[in-house]
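Residue numbers (this note's numbering), protein chains in the order written: chain G, 1 to 325; chain P, 1 to 325; chain U, 1 to 325.
Derived by calculation from the structure, the hints in this document are not laboratory data.
Be a bit skeptical, because a hint or two may be false.
For identical chains, the list gives no copy identity; a pair is met inside one copy or between any two copies.
As the list claims (entries may be wrong) - Cut-off 16 angstroms, straight-line C-alpha distance, at most; resulting in silico cross-link-like pairs (EDC-like, lysine to aspartate or glutamate):
#: 1; residue 1: K129; residue 2: D108
#: 2; residue 1: K253; residue 2: D198
#: 3; residue 1: K129; residue 2: D112
#: 4; residue 1: K6; residue 2: D108
#: 5; residue 1: K129; residue 2: D114
#: 6; residue 1: K71; residue 2: E25
#: 7; residue 1: K199; residue 2: D235
#: 8; residue 1: K286; residue 2: D58
#: 9; residue 1: K7; residue 2: D103
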Amino acid sequence: MNIFFKKKNNITFNKILSLLNVKNEFKIKNFLLNDIKTLNSSNNKDISFFNSSKYKNDLNKTKAKIIICNKIHLKLIPKKSIPLVVNNVLLSVSKVTNLFYPDAINDDLDHDVDFLNKKNNFINLSFGKNVLIGKRVKIGKNSSIGHNSIIETNVTIGNNCSIGSNVIIRKSIIGNNVNILDGAIIGKKGFGFFPTRDKNYRYPHIGAVIIGNDVEIGCNNTIDRGSLSNTVIGDNSFLDNQVHIAHNVKIGKNCVITGQVGFAGSSEIGNFVMIGGQAGISGHLKIGNNVQIGGGSGVVKSIPNNSKVMGYPAKDIRNFLKENK
Amino acid sequence: MNIFFKKKNNITFNKILSLLNVKNEFKIKNFLLNDIKTLNSSNNKDISFFNSSKYKNDLNKTKAKIIICNKIHLKLIPKKSIPLVVNNVLLSVSKVTNLFYPDAINDDLDHDVDFLNKKNNFINLSFGKNVLIGKRVKIGKNSSIGHNSIIETNVTIGNNCSIGSNVIIRKSIIGNNVNILDGAIIGKKGFGFFPTRDKNYRYPHIGAVIIGNDVEIGCNNTIDRGSLSNTVIGDNSFLDNQVHIAHNVKIGKNCVITGQVGFAGSSEIGNFVMIGGQAGISGHLKIGNNVQIGGGSGVVKSIPNNSKVMGYPAKDIRNFLKENK
Amino acid sequence: MNIFFKKKNNITFNKILSLLNVKNEFKIKNFLLNDIKTLNSSNNKDISFFNSSKYKNDLNKTKAKIIICNKIHLKLIPKKSIPLVVNNVLLSVSKVTNLFYPDAINDDLDHDVDFLNKKNNFINLSFGKNVLIGKRVKIGKNSSIGHNSIIETNVTIGNNCSIGSNVIIRKSIIGNNVNILDGAIIGKKGFGFFPTRDKNYRYPHIGAVIIGNDVEIGCNNTIDRGSLSNTVIGDNSFLDNQVHIAHNVKIGKNCVITGQVGFAGSSEIGNFVMIGGQAGISGHLKIGNNVQIGGGSGVVKSIPNNSKVMGYPAKDIRNFLKENK
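With these hints in hand, go ahead and build the complete structure from the sequences.
Here's what the structure looks like:
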């Protein structure tokens with residue numbers, strides 16, 4: 001269940017066909033759909049999508065009832081799912097998501113926040129001046145929140161967390177013993193839209209930011225929430241100042257991400273990954289476990305476990321050093 | 001007319017000669033000057049300057065009455081303008097600008113702001129806690145402003161705009177349907193000064209930030225205002241988080257600028273330009289229309305229309321890929 | 001004396017031996033230690049450490065009574081100091097620092113701040129709304145502080161300083177005529193810790209941020225305080241927006257650091273150094289005087305005086321330009 005966005009419950013197959021302007025070629029009887037999800041999280045009443053061969057594995061294992069795809073991928077769709085062929089998969093997904101979750105396009109001002117005061121019944125919470133807190137926020141024991149910070153409606157924060165000053169947190173679930181330093185902005189909608197000549201078409205971001213235990217998020221970080229899936233920071237990972245994490249990125253456990261590193265959308269980073277300052281990680285990549293990425297690198301390909309890379313584009317660090325001595 | 005800075009109206013030719021310590025070799029009678037402007041915006045009562053052959057075209061078309069220049073450019077000055085030869089053009093321009101606009105060197109604290117409340121007569125404005133609003137601010141219909149944001153004196157914001165929390169806007173004119181996300185700082189003076197051994201000499205920034213319609217400005221962006229001309233973001237351009245835009249940069253329409261991209265001063269970017277994450281654009285360049293710049297690129301030369309470039313320094317993307325496969 | 005952190009005064013040699021689990025092989029009688037310091041600032045009642053041959057010069061001149069080191073460096077320790085051999089020097093230093101300064105691991109919420117008002121006796125201080133000011137803060141004459149800014153306990157700010165809005169300053173000493181622009185975060189603990197599988201071990205940061213006279217710090221800068229020594233910005237140095245400076249970095253006088261530049265920890269930058277946008281400087285380097293570093297460069301080696309470098313990794317700019325024309 002999505003605690004951050006209200007889902008519409010009366011979405012039928014026919015409604016989706018008409019929204020996407022697709023003919024019901026298979027003469028399938030109308031039925032009710034439950035939700036829109038990624039391939040690997042779909043159940044048999046959900047609609048999902050397939051748009052890149054990178055996700056073939058997920059496709060073969062999915063339980064999704066309907067899969068939005070384009071013509072060239074039609075033959076890959078498993079028999080047990082109904083293919084729904086469109087011209088622009090992502091735009092169609094966006095429209096369907098908007099049908100289920102009409103409030104997730106923009107980050108409208110949270111009018112439900114109010115100044116935190118001692119009447120709020122958080123256990124042993126220490127807090128500064130001008131803290132704003134939304135409705136149904138959960139905060140564990142012995143945490144603290146700095147001055148001028150804003151914790152929006154439905155956010156969850158664990159025990160022993162230290163939230164700095166001027167921090168903004170929305171659409172996020174945060175574990176125990178997490179430090180979020182001053183000026184960090186967490187849970188904003190991702191930078192996702194379809195450019196058009198007249199007015200870009202923004203797509204909804206119904207994912208959350210999920211932060212594990214013992215994490216540190218540096219000053220002025222920006223961590224965007226996911227579009228369909230979540231943005232995730234694993235246990236015991238530490239992020240330095242001015243790091244930017246785009247929507248759907250998954251960072252594993254025990255990672256060390258130094259200053260000004262940037263992640264484009266949807267990349268998955270393993271455990272025990274160390275990334276030097278100002279490195280950039282392109283979108284939709286898989287970075288293995290125990291990988292070390294040198295400062296300033298530009299990573300444009302997936303990287304296997306236990307690799308050390310550096311350079312722009314990033315390559316095996318021995319080759320980089322040989323070529324640059 | 002400059003709505004953000006008060007102009008002095010009694011500046012004469014002789015006053016400028018004496019300020020710059022220049023002799024009136026041409027025995028020109030004293031006269032009143034109207035303003036200091038760039039070559040292409042000057043009228044025939046204005047003073048302007050020429051300092052780089054990149055701006056030769058502008059020089060030939062200018063209506064400026066007086067043109068500050070150095071000795072080697074003297075012969076290029078059109079007959080209808082009066083050349084004013086100095087040793088350091090930019091320093092001289094700065095001094096003259098300061099004569100016309102004595103309040104534009106520093107961003108002094110705006111004491112005219114006060115807490116926004118329902119008595120302010122904005123039409124259907126939705127706003128958060130602790131919003132500060134300056135004098136003579138104009139805000140269109142159906143806009144919203146998040147918590148702790150500061151909109152300084154004389155700023156204009158259009159209809160249906162969504163300003164996030166912790167945003168600071170000064171010296172700016174913003175169109176309709178614009179989203180400015182949390183933590184963005186817009187309209188600060190540019191990073192412009194003359195280094196000297198004892199104390200750097202800051203120059204005035206009398207330009208504004210002009211933002212078109214349907215624009216999105218990401219979290220923690222910093223967009224500096226112009227020195228003599230304006231910093232401009234064209235209609236329907238979207239900027240991701242942590243983008244930095246220096247003074248006088250002009251970004252065209254329908255551009256997509258992803259996370260952590262930086263622009264040095266005075267570059268002009270065309271329409272439909274897409275720039276990947278962490279790319280940097282040097283100063284005083286012209287980037288054409290429909291240009292694509294790969295993530296992490298360092299652009300140090302102007303780029304013609306319809307090009308795809310990548311690399312540091314940026315080159316044709318086919319060459320970059322060939323050299324790096 | 002450290003004005004920002006309270007030091008414990010009863011730390012003995014035996015207490016340290018037992019903390020680090022080291023046997024007293026030399027049968028040295030117990031004695032009281034005064035403080036933990038870097039080699040070059042230690043006196044003869046202090047404990048220090050040696051961990052890298054880069055600091056051999058400091059080692060030969062140090063007055064430290066005890067020097068923590070590992071086995072392979074044992075023979076380098078001068079006769080007049082007592083070596084204390086451990087497996088992990090930095091972890092041991094961290095534990096000893098924590099013994100002397102138990103409050104320097106985290107940046108706990110400063111509960112001593114309160115809203116600045118006219119009863120505070122600062123001379124001719126101009127200030128905005130919602131300014132928070134800690135205990136024993138010193139502010140010189142004719143300074144100003146913008147809206148929502150937070151100046152924590154014991155901070156010192158000089159005369160004629162202009163602090164912007166949404167600024168956070170802690171553990172810092174700031175000279176005269178300094179401009180700190182909106183959104184800057186100064187004096188946060190550095191990104192220093194020992195990764196372990198279960199829970200990273202943070203080390204204390206007992207250093208301050210020391211900012212000279214006539215300095216400008218740009219919007220959204222993050223300047224971390226030092227671990228044992230201070231982070232320093234020299235007189236008349238100017239920093240553009242979104243610059244990141246890690247712990248212990250020393251920047252000389254008259255430097256110009258443009259947008260989005262990042263410094264890893266402990267590097268020393270000379271005087272009159274100019275650094276182009278988005279350049280990155282690795283840790284523990286020495287950059288000489290009058291050095292120019294091109295935009296986007298990745299500096300991984302120390303650079304002698306009067307050099308011009310560019311590239312990733314940075315090299316002599318003539319070579320970079322030759323190879324890239």
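These are the hints, each one checked on the structure:
1. K129 / D108: Answer is between: at 14 angstroms across copies they meet the 16 angstroms cutoff, but 24 angstroms inside does not.
2. K253 / D198: between (43 angstroms within a copy, 10 angstroms between copies)
3. K129 / D112: This pair counts as between: shortest inter-copy Cα distance 11 angstroms, intra-copy 18 angstroms.
4. K6 / D108: Cα proximity of K6 and D108: one copy only (14 angstroms, versus 36 angstroms across).
5. K129 / D114: both (12 angstroms within a copy, 8 angstroms between copies)
6. K71 / E25: within (14 angstroms within a copy, 77 angstroms between copies)
7. K199 / D235: The answer is between: 9 angstroms across copies meets 16 angstroms, while 40 angstroms in one copy does not.
8. K286 / D58: within (14 angstroms within a copy, 44 angstroms between copies)
9. K7 / D103: Cα proximity of K7 and D103: one copy only (9 angstroms, versus 47 angstroms across).
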